[in-house]
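Number of protein chains: 2
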Amino acid sequence: MPPANSGAAALGLGIALAFCSTAGAAAQTAPLSAQESDPRVMGWMQGFPPPPDKLITQPDSNYFSFPKLRWSVCHLREFLPTEEIGRGLGAPVPLDYPTHAEFADLRARIDALTFMPTNGTEEMTWEASLYANYTDGMLIIHKGEVVYERYFGCLEEGGKHAIMSMTKSITGLLGEILVAEGVLDDTLLVRDIVPEIGDSAFATATVRQVMDMTTGVRYSENYSDPNADIWLYSRAASPLPKPEGYRGPDGYWEYLQQVKPEGNHGDAFHYKTINSDMLGWVISRVSGKAVTDLASERLWRPMGAEQDAYQTVDAKGVPFAGGGMTAGLRDLGRLGLLMLNEGAINGERLFPAAVVQKIRAGGDPSKFKGFPTIPNGSYTSQWWVFHNDHGAFAARGVHGQTIYIDPVAQMVLVRLASYPRAQNGFIDPTSLPAYQAVAEFLMAR
Amino acid sequence: MPPANSGAAALGLGIALAFCSTAGAAAQTAPLSAQESDPRVMGWMQGFPPPPDKLITQPDSNYFSFPKLRWSVCHLREFLPTEEIGRGLGAPVPLDYPTHAEFADLRARIDALTFMPTNGTEEMTWEASLYANYTDGMLIIHKGEVVYERYFGCLEEGGKHAIMSMTKSITGLLGEILVAEGVLDDTLLVRDIVPEIGDSAFATATVRQVMDMTTGVRYSENYSDPNADIWLYSRAASPLPKPEGYRGPDGYWEYLQQVKPEGNHGDAFHYKTINSDMLGWVISRVSGKAVTDLASERLWRPMGAEQDAYQTVDAKGVPFAGGGMTAGLRDLGRLGLLMLNEGAINGERLFPAAVVQKIRAGGDPSKFKGFPTIPNGSYTSQWWVFHNDHGAFAARGVHGQTIYIDPVAQMVLVRLASYPRAQNGFIDPTSLPAYQAVAEFLMAR
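The listed protein sequences correspond, in order, to chains U and C. Counting in this note's numbering, the first sequence runs from 1 upward without gaps. Counting in this note's numbering, the second sequence runs from 1 upward without gaps.
Hints may contain errors.
Covered stretches of chain C, going by a simulated chain U footprint (3 or more residues, C-beta under 8 Å) [what the hints assert, rightly or not]:
1. 235 to 249
2. 276 to 290
3. 311 to 324
Treat the hints as calculated values from the structure; they're not laboratory data. We treat Cβ as the ideally placed atom computed from N, Cα and C, and that holds for glycine.
When you get a sec, could you build the whole thing from the sequences and use the hints?
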């Protein structure tokens, strides 16, 4: 059973029951290595038809457990209904690259970088860390130029990858943009904006508490308890027809209407995905748009994205604001550039600089506990803030996905990954010091 | 109950049972007009959340019946798992347009064109025909230039629309490309290429008979018969978990393995969607690629598409080769240009001219019966050939969607539509003569 505040919570369970089997199943067995579990090596879904033991199907309900997970993270739309986050028509705005020779040289030098894993005793190379962390895609942008880009596993250039809880940060960014523009008042109570929230515990939380996940709401993820909230949430959120006789909430928003209190609003940070979906509802109510459409209009289209992204939906078409997005590596790089450059990209301003300044400033670290790999961190507007020397902050997904922004190094790093266990606590020791090492290398070059 | 060979057959039922309720339900009631049933007027899915009577959900199983159909044709991915037909990265190749003033003038003149509906007594304007036929999008390209482009109902510029049985023509085109390149021998029997077809009626059909739908295979669409093949096909094809105790075929390809004979191969044309899915299997076996990937590699990417397209899949990830595609209006225009120009677009040749010449030549009209609105037609390689003075041929979908290519007029016409009844027999009388009228107008300008 995963500990409280674990990555399992971060998984943003709620798409379907399939998502729930991950942590438990993977924790039981010693996983195959990244190379052994490469979907091409495993032979998943190869052949017409694939042999029965190489099929990954949604009705099997284990398509999101390791090692199938390593294929499924690139193919989520083939299992579930989704909504598009359109890049619009016309030409994308290309990212800047150095010459081929420079690019190859940088790759070799970065691959050879060494760093000491947190609490480790032996140095590890950058390249070894990519395999240790089951990396599927890595993009590094320094001073506006792509200095490193590699694809592994199921991900190819032009492919897309599930970003899980990084979705929250995009929801949070949209919320913060609306706050900066005066469309959303973050001091209001949720019930002032969404009266149908009724007597849910969310009713009396402020929008700001929802954005920062300091609400006092009950949401248990004890997998061994059949009455745990996570199971109810998953059943509510599933886009599949409900079982006969089902009387529970239907969809993310009906679930939110019946959330019970636990503790007091504002007391402490508790990483609970339902806050992100509550924020999604608030955003749609004040903007009159689905979060998918808003992400397209405010981010994907104006930033010159190369690929449409998409988001899974519940049975009523509500996008999963807490974890449902899939996107391309480079477009996540563009999003990182937008954050690094405080709302500007390609010479255009997409939103006020105050949006990023607010996020970067972070929250109160004294309210932030339970994440030993981020000892001085905080969580603000659905972004992780490290409060380190480089002022780094990040979007983070539960299988090691990240947009990591280092303002001091002027570096954006995007990693897509499919780590076997749904817990960043296992991934951070060989990731965060690696990011710091590459940042220092880039600053010195 | 719809007549044999009706548009209901053309619907390519098989995605889910939802698709099966269309023809029956719509035929019972006098439908709302195009303007009355406009999804924006109906208020479908407006609000966060929409009121219960404005919700369109997949578990309701009637999302594809009129008037909900008029919203759902633009939102199929929100109900069902899908696979991408990627346009690739980089910039699309823009279509050519006249000046704004010329474009506006052409639109006014085309809208005012009049024509006599087949068997009609009163002339109708072109613009009136768009509403009579519940048009959602209309694009006309003449001599390589877009001379008319309008969007209605659920479709906006940058949107996408289900093309239903037009999918067959894309499957057929891919098959014909492989034949021309020597990868697929259309004289072989299906069992020579797909031995697992076993003792299915398809086993002894040639690939050519499958491509031209002259196989002798049983496939009944008698909706009042609970044992009709259409129901079995729908259950097999549904991507949703199978009901408890289900023992039937799982997926398109398992269904094809148990098809019974009816008549003799080669005797006559019978419009049966299962041929298209059989062709899809043959194509994947010889090419080693899913039809979605092949469509991306051979068509969408090299033709400079502006938008990704997508295709619904069964529970094993097999794309619905007989009806599952959704695409953008302009990209279907590009596909029409490829056909008009015998495999060339943007100055590049994508496949041999013989591919289109073969399709345009058509089949034996004496084997083609049961389509009174296409009296001298034939069906070749999954394309409809009119054998008229202009040498026109077309891809056709069951709610009035079409790519209509008129080689004499050098015209490509794409219509996306959501006609209430799933029968082109009702749509053709106010469509085919309108296409002829606009072709003659363009030739004379």
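Here's how the hints hold up against the structure:
Beta-carbon proximity to chain U at under 8 Å applies to 4 residues in the region 235 to 249 of chain C; the threshold of 3 is reached and the given coverage holds. For the region 276 to 290 of chain C, the proposed coverage by chain U is satisfied: 5 residues have a C-beta within less than 8 Å of a C-beta in that chain, meeting the threshold of three. Counting residues of the region 311 to 324 of chain C whose CB lies closer than 8 Å to any CB of chain U gives 5, so the stated coverage by that chain holds, three being the minimum.
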